[in-house]
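So the sequences go chain by chain: A and B. The first sequence: position 43 = 43 (this note's numbering), numbered continuously. The second sequence: position 101 = 101 (this note's numbering), numbered continuously.
Hint data in this document are derived by calculation from the structure and do not stem from the laboratory. Predicted model only: the values in this text are computed from it and were never measured. Virtual Cβ for every residue (Gly too), placed ideally from N, Cα, C. Mixed in with the good hints, there may be bad ones.
Said to hold, decoys possible - Dumping the calculated SDA-like pairs for lysine to any residue here, alpha-carbon to alpha-carbon at most 20 Å:
no. : chain 1 : residue 1 : chain 2 : residue 2
1   : A       : K66       : B       : K154
2   : B       : K154      : A       : L141
3   : A       : K55       : B       : A150
4   : A       : K194      : A       : P38
Claimed, not checked - Chain A stretches covered by chain B per the calculated footprint, using a threshold of three residues with CB under 8 Å from any CB of chain B:
no. : segment
5   : 51 to 60
6   : 63 to 70
7   : 75 to 84
8   : 88 to 102
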Amino acid sequence: MNKIITFDSVGKKYGQKTVLSNISFSIYEQDIIGLLGPSGIGKTTILKLISGLEKPTSGKIFVSSKKISYVFQEPRLFPWKTAIENILLPLMVSGHSKKEAMNIAKHYLDSMGLSEFMDYYPAKLSGGMRQRVSLARALSLCPDILLLDEPFSALDSKRKGSLVELLAKSIEEYPMVVLYVSHFPEEAKKIANKIHTLSSKDKLVESNL
Amino acid sequence: MNRQQVLTAIGFMLLLSGWQILAMNMHQILLASPIQAITSLWEMLHTPYFYDNFLISIKRISLGIIFGGFSGFVFGTIAGINQNIKYLLDPLRWLIMSMPSVIIVVLAMLWFGMGSTMAVFMIAVITAPVVYVNTVKGIEAVDKELIEVAKIYKFPFFTRIKNLYTPAIAGPLSAAIVMITCQGARIAVMAELLGANEGIGYAVGITRSNLEIPQLFAWILTTLFIVAIFEFVLFRPIQNYFMRWQR
Numbered sequence: 001m002n003k004i005i006t007f008d009s010v011g012k013k014y015g016q017k018t019v020l021s022n023i024s025f026s027i028y029e030q031d032i033i034g035l036l037g038p039s040g041i042g043k044t045t046i047l048k049l050i051s052g053l054e055k056p057t058s059g060k061i062f063v064s065s066k067k068i069s070y071v072f073q074e075p076r077l078f079p080w081k082t083a084i085e086n087i088l089l090p091l092m093v094s095g096h097s098k099k100e101a102m103n104i105a106k107h108y109l110d111s112m113g114l115s116e117f118m119d120y121y122p123a124k125l126s127g128g129m130r131q132r133v134s135l136a137r138a139l140s141l142c143p144d145i146l147l148l149d150e151p152f153s154a155l156d157s158k159r160k161g162s163l164v165e166l167l168a169k170s171i172e173e174y175p176m177v178v179l180y181v182s183h184f185p186e187e188a189k190k191i192a193n194k195i196h197t198l199s200s201k202d203k204l205v206e207s208n209l
Numbered sequence: 001m002n003r004q005q006v007l008t009a010i011g012f013m014l015l016l017s018g019w020q021i022l023a024m025n026m027h028q029i030l031l032a033s034p035i036q037a038i039t040s041l042w043e044m045l046h047t048p049y050f051y052d053n054f055l056i057s058i059k060r061i062s063l064g065i066i067f068g069g070f071s072g073f074v075f076g077t078i079a080g081i082n083q084n085i086k087y088l089l090d091p092l093r094w095l096i097m098s099m100p101s102v103i104i105v106v107l108a109m110l111w112f113g114m115g116s117t118m119a120v121f122m123i124a125v126i127t128a129p130v131v132y133v134n135t136v137k138g139i140e141a142v143d144k145e146l147i148e149v150a151k152i153y154k155f156p157f158f159t160r161i162k163n164l165y166t167p168a169i170a171g172p173l174s175a176a177i178v179m180i181t182c183q184g185a186r187i188a189v190m191a192e193l194l195g196a197n198e199g200i201g202y203a204v205g206i207t208r209s210n211l212e213i214p215q216l217f218a219w220i221l222t223t224l225f226i227v228a229i230f231e232f233v234l235f236r237p238i239q240n241y242f243m244r245w246q247r
């Protein structure tokens, strides 16, 4: 299997504070990784390094694809754009015509059960709905790498369960490399086929499910 | 009428009443009453002299605001995104904002002579820093989390300007535009008073020389009318359009 992401002795410091030190691991095609570990250990930093939002202080990172989608803890929707416009914009930037983008956006909003709310501004949507729009935005791009940073942490357990199922179904339909950051092993295991546990800033343990 | 409109109407009536009371207690050579000013304006409306001066001032104010607003927005956007440019432009911004308007009038008259170019230049130079500062502050306050989203989805520069920065700064920018409209009208009148031979400011100078106090106040009302047109007919609908997501 091809390596999609490689961390080679990667370290990251913010000022004097070391967040990651000498971390090495590889992620392969069709890996769905549940990235576990206590709060503040550096899980989000790993995602930010993969996405290019942060640069490593030491070591090397290899990412084979630039087609990356990222679902953050908060929905991070543009408040001045409607639900569908939030999905349309990245699609059009990625090269889709307006008509194509519209069809794709409608399909994903529909799959998230939001077709009735496509013209709503984020402020008019509930927290769960906003996070579903954010997920639809990420999935609609059919990324090679999907980064999920505790995307459902702010939701109640019932909503969380249904969104995890929805996500698992989407990944099944369109295979991609997924990194799913969570505090909860059981939640991660519903989606992941491998678990990586970051137990300290310099120790990442890999295990297959 | 909603509560806001009722209170605004009451404030307007209080202002008019205060003006009337003051006029009743002052000599008419110092202050015309609202009725005298409105009557005088009505008479002026029937003369081509009014429209010649009114239209030339409108043209100067519009051009000055367009040049000042546009350059303030462009440089403010660049400086908001790039700190180095901001530091480079800071001395110029400080120089223009600190210089008394009357000195800019004198310099503009020296460089461009009397007339429209001088007035437009003045309005543009004085209003541009207001838009510039509001744009820079607005861009610096743009949600960093949304900037990360734009990076993740690889928005090109102009897509970021159009879809991220411009809507994010629409609030402070509209406030700045309303401010420069009022400022622009005041500067135009001052520039015309000191260095033009047509326009509202020029007409104000003539009425002052001839001690035609009701006409002087009629021109003041005309200036307020111009600001009201810009603010309520032009900019408020644009502001409402850009801020519709907040309703």
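Worksheet item: What are the numbers of the hints the structure violates, in ascending order?
Response: The structure breaks none of the hints.
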